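A.B. asks: Chains B and G are the protein sequences, given in the same order.
Using this note's numbering, the letters of the first sequence map in sequence onto residues 1 to 330.
Using this note's numbering, the letters of the second sequence map in sequence onto residues 1001 to 1330.
Hints were generated in silico from the structure; no laboratory data involved.
Quick caveat, the model's predicted, so the values are computed rather than measured.
Yeah, the Cβ is synthetic: ideal placement off N, Cα and C, and Gly gets one too.
Some hints here could point you the wrong way.
[To be verified] Residues from chain B that face chain G, not an exhaustive set, calculated with beta carbons under 8 Å: (1) Ala81; (2) Val252; (3) Phe279; (4) Arg284.
There are 2 protein chains.
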Amino acid sequence: MQQRVTMHDVARAAGVSSATVSYVLSGKRPVTEETRRSVQSAIDRLGFSLNPVARSLRTGRSMMVALIVPDISNPFYALLARSLQDELRGREYHVVVCNTGAQLAEEQALLREAMQQRFAGVIMTPFRLSTQAFEALRSAAVPVVVSADIAFGEVDLVTPDAEDAVREAIRHVADSGRRRIGVVAGPRDATGGDPRLDRIRTHAAAAGLRVSQEHIVHGEHTRAAGAQGFRHLMRSRRPPEAVLCVNDVTAVGAMDMADRLGLDIPGDVALVGHDDIDFATLVRPRLTTIRYPAHEVGRIAALLLLEQIDGRSDPRTAYVSADFVARAST
Amino acid sequence: MQQRVTMHDVARAAGVSSATVSYVLSGKRPVTEETRRSVQSAIDRLGFSLNPVARSLRTGRSMMVALIVPDISNPFYALLARSLQDELRGREYHVVVCNTGAQLAEEQALLREAMQQRFAGVIMTPFRLSTQAFEALRSAAVPVVVSADIAFGEVDLVTPDAEDAVREAIRHVADSGRRRIGVVAGPRDATGGDPRLDRIRTHAAAAGLRVSQEHIVHGEHTRAAGAQGFRHLMRSRRPPEAVLCVNDVTAVGAMDMADRLGLDIPGDVALVGHDDIDFATLVRPRLTTIRYPAHEVGRIAALLLLEQIDGRSDPRTAYVSADFVARAST
């Protein structure tokens, strides 16, 4: 392997001190345009690049950003990861993907590790962490962006603006004459409760529809939990005429179960998802859903993180607009 | 934030030198069982952990493993990433996911970067790299595992054993009376050609079926390319009666197009995918496919990588068995 070019080599080739080379690279002190050019030309000529490990030790931070999500094999998070990488790559940051399985112990362990490993930043979708969990990272000045439906203390948040979309979904369901609304909701013990369920209840009530307690089931955000929850709903005394699911993955699980139970969607029961991942247009009937674009969530999260890396410290909240998309399942 | 415990603190608490603590941690020199125990107890008591950046600088390697794939939002790679993470986490390695978009320039840049960043190892699915591309990493003793259908020089390889599965797929198609076989193949300029296409041709010929040149289309491994390729095939003078696709994502694209063209699957044309990702059971009709389990590919790749990290240097090839799965699209 070829010998690594050092900052000293660059300084010698450019006829300046190593300190000057360092100023050109870091921008920490002004240098003349002429000096900048001759250093840059020496860098290009010699193929110099900073040793990332040495740079990490100097700055105390790696060039790695941790993305901590429940499950990277859920297409929503895979697409978010993709988008994040596309945005951060231009600044030479790499994305380390970590799965929590939505387990509290894993969420805590990975957050601790992200701090110990001196990551340049953390982007996380927490499920069961306390809302104070990010205070240690904030005190250590580690940039953090949370992507969630609720705020987690004084940290940047990317969150859906879904009021209009849910109102429209409820109206759409009501317009087809359906009165009894069921919900396949998230886990009962998720931090901050279940804002998606709350939104559905609010807008259903406003439209004069009722979401009775027996028509709400709680479970994980998985295909299997969606199937189980849907079965439970459809076995209730008077089954719901429309079921809204916490995400598309659980809605697809509901479709699996409808098949097994011999129920027709939307003939016997209408079905609405949340997110609009690829799955939504793959299933038949195509899934009516509330589009929450993972790509845009990743893009905004990256921008917020870079702002923090560049020095902003006051927390921001970015709303990503969700839209109702009517397809064949309603 | 609490003060970081140093190796020096551990040495003082255990009543030994810092060098002795270092020997206990690295195992580089023998220490007595008694010494080992008192150091370990001091470590546990103080909650000492190695500063990863300092450790990286000492070993010259980070605790990061690069996973370089065409597109993490393709469910095959998302599941592979998940499985890899599950396996490597026990050894405290983190997975950095990088997307190449199957572009040669990106493949080269990311490989260069993986070397400069001193990753602990690289797991890659190359598309257009030369088969010699990994020699620099090998000379630098960076552990590498390639996941691909062809070998890339003297590096570890995880590859499908799909002969039986393809033979069975062809026989299954032939048994339903279909004679003209079409193939939505991979890109024409992929390194090593297209082994999946070659396998189909071989087994079709053995079964007395013909894959004529006009019934082979080349394209990227994407849903859009699958749709385009399928349209091209179905517009040929005598369209194929069965179409085999390079992966499930392109097969789903073919289904999109069948819908648009008003063609019935399997009535008008039978369709076979490759991989058996979630998509395969979501689409209607459910997709007949050749199961190549991403989860198992990730697990084996992780094991091979850890063996190299632990000192093995002779390259190995691991075959992961592919199976034919008949569903409703044939």
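A.B. asks: Against this structure, judge whether each hint is valid.
C.D. replies: Right, here's what the structure says about each hint:
1. Ala81: Hint holds; Ala81/B Cβ to chain G Cβ min 5 Å, cut 8 Å.
2. Val252: holds, 6 Å
3. Phe279: holds, 6 Å
4. Arg284: holds, 4 Å
Comparing the model with each numbered hint stated earlier shows that all of them hold.
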